[in-house]
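One letter stands for each residue in the lines below.
Number of protein chains: 2
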Amino acid sequence: MSGPEARPAGGVVRVGLLGGGTVGRAVVRLLQDRAEDIAQRAGCRLEVVRVAVRDPERDRGLALPPHAFTSSAEEVVADPDVDVVCELIGGVEPSRTLMLDALSRGKPVVTANKEVLASHGKELFDASEAAGVDLAFEGAVGGGIPMIRPLKESLAGERITRLIGIVNGTTNYVLTRMDEDGLSFQDALDEARELGYAESDPTADVDGSDAAAKCAILASIAFNSRVVADDVYREGIDAVRPEDVAAARRLGYVVKLIAFAELEDEDVAVRVHPAMIPRDHPLAAVREAYNAVFLEGDRVGELMLYGRGAGGDPTATAVAGDLIHVARNLLGGSRGRGCTCYRERAIRPMERMEGQYYLLLEVEDRPGVLARIATVTGDNHVSIKSVWQEGTGEEAQLVLITHRAVEGALQRTVRELRELPVVRAVRSVLRVEGVE
Amino acid sequence: MSGPEARPAGGVVRVGLLGGGTVGRAVVRLLQDRAEDIAQRAGCRLEVVRVAVRDPERDRGLALPPHAFTSSAEEVVADPDVDVVCELIGGVEPSRTLMLDALSRGKPVVTANKEVLASHGKELFDASEAAGVDLAFEGAVGGGIPMIRPLKESLAGERITRLIGIVNGTTNYVLTRMDEDGLSFQDALDEARELGYAESDPTADVDGSDAAAKCAILASIAFNSRVVADDVYREGIDAVRPEDVAAARRLGYVVKLIAFAELEDEDVAVRVHPAMIPRDHPLAAVREAYNAVFLEGDRVGELMLYGRGAGGDPTATAVAGDLIHVARNLLGGSRGRGCTCYRERAIRPMERMEGQYYLLLEVEDRPGVLARIATVTGDNHVSIKSVWQEGTGEEAQLVLITHRAVEGALQRTVRELRELPVVRAVRSVLRVEGVE
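Chains A and B supply the protein sequences, listed in that same order. In this text, residue positions in the first sequence follow our numbering: the first is 1, and each later residue adds one. In this text, residue positions in the second sequence follow our numbering: the first is 1001, and each later residue adds one.
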């Protein structure tokens, strides 16, 4: 344990770190390398005094004394020499319990943990409120891109109406390679793994659950109403075929996994799924492992925040920003914005959400086919924006782009189209976003 | 004057507005239309109680009692019923004196005034420091795009090394129309005027001085060292010819007026000028009247903040965010980040700044020309990255793109090239930015 003699003279805020992984190590290095600037900016020195890790004996190449390391996260939280707890373990437990413990001891918490915030956010914010200390989490979404604080503070006067995020670097890398180089999903994913963009088990990236947690966090702040990860309708990218990506490209679109959050009649519509984005939309230029959030507000119009959405160093920048903020508040006896969920909005069920759709049908190549199809769409109140044939004879395909339609009506349409004798197969159904 | 009976029960922070122009009116409307949400977010109500305008009799269509208006800005600042002063007059005087007066009375100031901050920032921050109250200015750069607070707070742990901004909507609109539709500078400017993107006197936009003031503000924050508008080397866009824009397009570039700020050997290099940006750079997609700041940091990598950089409503969003922040601090007895210029960095003279250049030369069409030219560039330590000929005979032109070179060496090169018998004319010299 760091004894009093280890403390520098003058103001110092002592940080207890939970987790010694990539981000944790990057945070330690950042706080040490930039100590002088941080002291100027925080009004005090920031020192990592304890680090809870799985194996305290392992050499992590950090300039910290051996006794700084412990395998007991509880010990770090309880340590009277720790002023601020920085949680970088990830996952729900034990993070939740540790953060609640820290807050109950009056210690501010900085975290980059999207899972626990998207599932137990209310409980954590209530604890932070009760204790009168900060709970900051800029690193939980978008790595180093300032998103949480701009939404909570800079845009506090704005009514955000829609938010479209590319918030998962792995899937964006995979889709970029599929789009630009014609790779298959599996080949692109293997490449992402080799480059370190994908975990050895990339399930949470591929199935959209990582993006869903971030979507819930962003929607909660944007619409001032608690949204949890389970509220978010979710489809992954594993069903996206090279043919869909190529067809999108021919039509002037690019396929992206998007986190979508919108106010629909004051309800919150939240969903994560692959979608076709027009190539001239700012989000279309978000390539490889980059992230971005595109916002629309009543007065501010369109905004986009773009950058590196993951990785140790970018995330460490976000965490350090929070630590500086929290340290300033601790010394000044003040607090930043706490929970901003002062409304209770309903979550709109997926079947009632509105959107545009792209349909690719294999059809008979003969007169009257379009009339049959148009009857089905019309009967279901799905209005067609554009339609054209690709290929002829056995290869005949029909591409349809709809106007905004309700998901339930679209799904009924697809079921009925599948039963039409002139439709040999419904090959693809993809949502279209970002069109005026 | 608003009597006590006009005040609502409960916490209220009373705003005195200086200036009733487009932004001022938009601020009043925003605070009124969104009063309920703002009260939740600020922890108090925000009420505009006084407005200083040129003609208090004129109907501005605002839901404020006639006695709220006065022609005396001094009276608004001195009014004991005014808790926060919101300065939206613009220009150096009387804004500077009014803001100093407000601060000396212990009243926080929110402003969108780039000119006074870029020329008298130190004096104003010193006064804010002495009074212990906030001076907030998110609206001064980039309209509704969160820039100031993300730079000061979210990125407080980061070492920003370079910043390239498109911070003037008028010139970006003009250059977009020249690029996409082949318009001349004058025709594009006339169109911008008709659409309301340009003032009737667009001098400060066209000559780069608006962008230079914003460049000074951004550089001061990014590099923690005071930069004033006069420190910023400046070239406008009036010399940009349709031929340059077309040539840039052929080469895969787009011409933008950029505000550039960089650390060079710990000195600050700041300049505003037209530059060629590669078409696949995120800034190239910033079209029409949009603004963006592209940042590079040691750890965070590349970041971009994008949106509507001007206009009453977007700027009002920034001002309202500041008012909410300032009101929360006022009630909580705390303060936000004050001046962050804790270093004194030298300003690098233009002739010592480094950059890449594009040169368009009219040349004799015969063997040995390139050798003569390459001798001149080589003698001046300007290294050529690529070179090719366009046209033949009387129309022969040589296009050169240099590697990074020092401005002074480049200018000497251009002078010597002009004297070469084989060079008929140096048609264009444009900087190139955003290349790896």
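These aren't lab readings, by the way, just hints derived from the structure by calculation. Even glycine gets a Cβ: it sits at the ideal position worked out from N, Cα and C. Among these hints, one or two may not hold up.
Calculated cross-link-like contacts (lysine to aspartate or glutamate; reagent style DMTMM-like; alpha-carbon spacing at most 20 Å) [what the hints assert, rightly or not]:
hint : chain 1 : residue 1 : chain 2 : residue 2
1    : B       : Lys1385   : B       : Glu1362
2    : B       : Lys1152   : A       : Asp33
3    : A       : Lys152    : B       : Asp1037
4    : A       : Lys152    : A       : Glu180
5    : B       : Lys1152   : A       : Glu129
6    : B       : Lys1152   : B       : Asp1187
7    : B       : Lys1152   : A       : Asp101
8    : A       : Lys122    : A       : Glu75
9    : A       : Lys385    : A       : Glu354
10   : B       : Lys1122   : B       : Asp1230
11   : A       : Lys152    : A       : Asp190
12   : B       : Lys1152   : B       : Glu1395
13   : B       : Lys1385   : B       : Glu1344
14   : A       : Lys385    : A       : Glu362
15   : A       : Lys122    : A       : Asp230
16   : A       : Lys152    : B       : Asp1033
17   : A       : Lys152    : B       : Glu1036
18   : B       : Lys1152   : B       : Glu1296
Listed below are several chain A residues computed to face chain B (Cβ distance under 10 Å; list not exhaustive) [to be verified]:
hint : residue
19   : Ala26
20   : Gly90
21   : Gly91
22   : Gly143
23   : Lys152
24   : Val300
Covered stretches of chain A, as calculated for chain B (at least 3 residues, CB under 8 Å) [said to hold, decoys possible]:
hint : segment
25   : 31-44
26   : 121-130
27   : 153-165
28   : 312-321
These are the hints, each one checked on the structure:
1. Lys1385/B to Glu1362/B: 19 Å, holds
2. Lys1152/B to Asp33/A: 19 Å, holds
3. Lys152/A to Asp1037/B: Between lysine 152/A and aspartate 1037/B the Cα gap is close to 12 Å, so the pair holds against 20 Å.
4. Lys152/A to Glu180/A: Not OK: lysine 152/A and glutamate 180/A at ~36 Å, beyond 20 Å, violated.
5. Lys1152/B to Glu129/A: 25 Å, violated
6. Lys1152/B to Asp1187/B: 39 Å, violated
7. Lys1152/B to Asp101/A: 31 Å, violated
8. Lys122/A to Glu75/A: Given that 20 Å is the threshold and the Cα spacing comes to 25 Å, the pair is violated.
9. Lys385/A to Glu354/A: Status holds; Cα separation ~15 Å.
10. Lys1122/B to Asp1230/B: 14 Å, holds
11. Lys152/A to Asp190/A: 37 Å, violated
12. Lys1152/B to Glu1395/B: The given pair, whose Cα atoms are some 52 Å apart, is violated under the 20 Å limit.
13. Lys1385/B to Glu1344/B: 35 Å, violated
14. Lys385/A to Glu362/A: 19 Å, holds
15. Lys122/A to Asp230/A: 14 Å, holds
16. Lys152/A to Asp1033/B: Holds - the C-alpha atoms of aspartate 1033/B and lysine 152/A are around 19 Å apart, at most 20 Å.
17. Lys152/A to Glu1036/B: 16 Å, holds
18. Lys1152/B to Glu1296/B: Roughly 15 Å between the alpha carbons, so the hint for lysine 1152/B and glutamate 1296/B holds.
19. Ala26: 7 Å, holds
20. Gly90: For glycine 90/A, the interface hint is violated, since the closest Cβ of chain B sits about 20 Å away, which is over 10 Å.
21. Gly91: Violated, about 24 Å.
22. Gly143: Holds, because the Cβ-Cβ distance from glycine 143/A to chain B comes to roughly 8 Å (cut-off 10 Å).
23. Lys152: Lysine 152/A check passes; min Cβ-Cβ to chain B is 9 Å, inside 10 Å.
24. Val300: 4 Å, holds
25. 31-44: holds (count 7)
26. 121-130: violated (count 0)
27. 153-165: Coverage by chain B holds for the segment 153-165 of chain A (7 residues, Cβ < 8 Å).
28. 312-321: holds (count 8)
Checked against the numbered hints above, the structure violates hints 4, 5, 6, 7, 8, 11, 12, 13, 20, 21, 26; every other hint is satisfied.
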